[in-house]
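Chemist: Okay, here's what each chain looks like letter by letter:
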Amino acid sequence: EAAVTQSPRNKVAVTGGKVTLSCNQTNNHNNMYWYRQDTGHGLRLIHYSYGAGSTEKGDIPDGYKASRPSQENFSLILELATPSQTSVYFCASGDRGGPHAEQFFGPGTRLTVL
Amino acid sequence: GQQVQQSPASLVLQEGENAELQCNFSTSLNSMQWFYQRPGGSLVSLFYNPSGTKHSGRLTSTTVIKERRSSLHISSSQTTDSGTYLCAWSNYNVLYFGSGTKLTVEP
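Sequence lines, in order, name chains A and B.
Residues 1 to 114 (the numbering used here) are what the first sequence spells out, left to right.
Residues 1 to 107 (the numbering used here) are what the second sequence spells out, left to right.
Accuracy of the hints is not assured; some may be wrong.
As the list claims (entries may be wrong) - Computed far set for chain B versus chain A, every beta-carbon distance over 10 Å:
(1) P8
(2) V12
(3) L13
(4) T27
(5) S42
(6) K54
(7) T80
(8) S99
To be verified - Covered by chain B, per the in silico footprint, the following chain A stretches (three or more residues, Cβ under 8 Å):
(9) 38-47
(10) 103-111
Read the hints as simulated data drawn from the structure, not as lab findings.
Predicted model, so just to flag it, every value in this text is computed and none were measured.
Glycine included, each C-beta is placed from N, C-alpha and C at the ideal position.
Could you put the whole structure together from the sequences, leaning on the hints where they help?
Modeler: The structure is reproduced here in structure tokens:
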């Protein structure tokens, strides 16, 4: 099973500040994802990546950037954080093995923007 | 857009009772996953189930692709089964989630 870790686990930021959420996976999966989870909305896809150097927009990319510098690492960047971005963020990785591969999730990062 | 509907939204059981959770998809189903999530916790993959029926202990997942639906059956529920169960539909490496079923099992 994939080992996906996230840092930090909890973060308090101020409005207008820059926030970087980091994700690391150790199972050499090609695909990585960032989701946010909010009450009433379930999990929604923000950005994803098919490999080092690639990033793709998900369903709700506005206000977020992503960076995939290596196979293992995938970051989510909030250049100008807003209170509406207060949420729990999950990173996931998936084996390419076909277009509908299983995904494995990290422990989550709770972000509060004041 | 993609629509994933789960039912019921919440369910309360007495320990030992069985549960049936449903997931319906509005578009063609390629693959799907069932997850379990404790309050404040991460998502644990229960089943990755392209089609048919799969078993894991007291859990059974049945997916009928042509009918765009999947179900999760929990037999002889235990208090430790309490939490939220999420289904997600997969389309070319992207998962689309339902809002979940919150299960509470009382002793």
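Chemist: Work down the list of hints and note, for each, if the structure agrees.
Modeler: Going down the list of hints, with the structure as the test:
no.	hint	verdict
1	P8	holds (15 Å)
2	V12	holds (19 Å)
3	L13	holds (22 Å)
4	T27	holds (13 Å)
5	S42	violated (5 Å)
6	K54	holds (12 Å)
7	T80	holds (19 Å)
8	S99	violated (4 Å)
9	38-47	holds (count 6)
10	103-111	holds (count 6)
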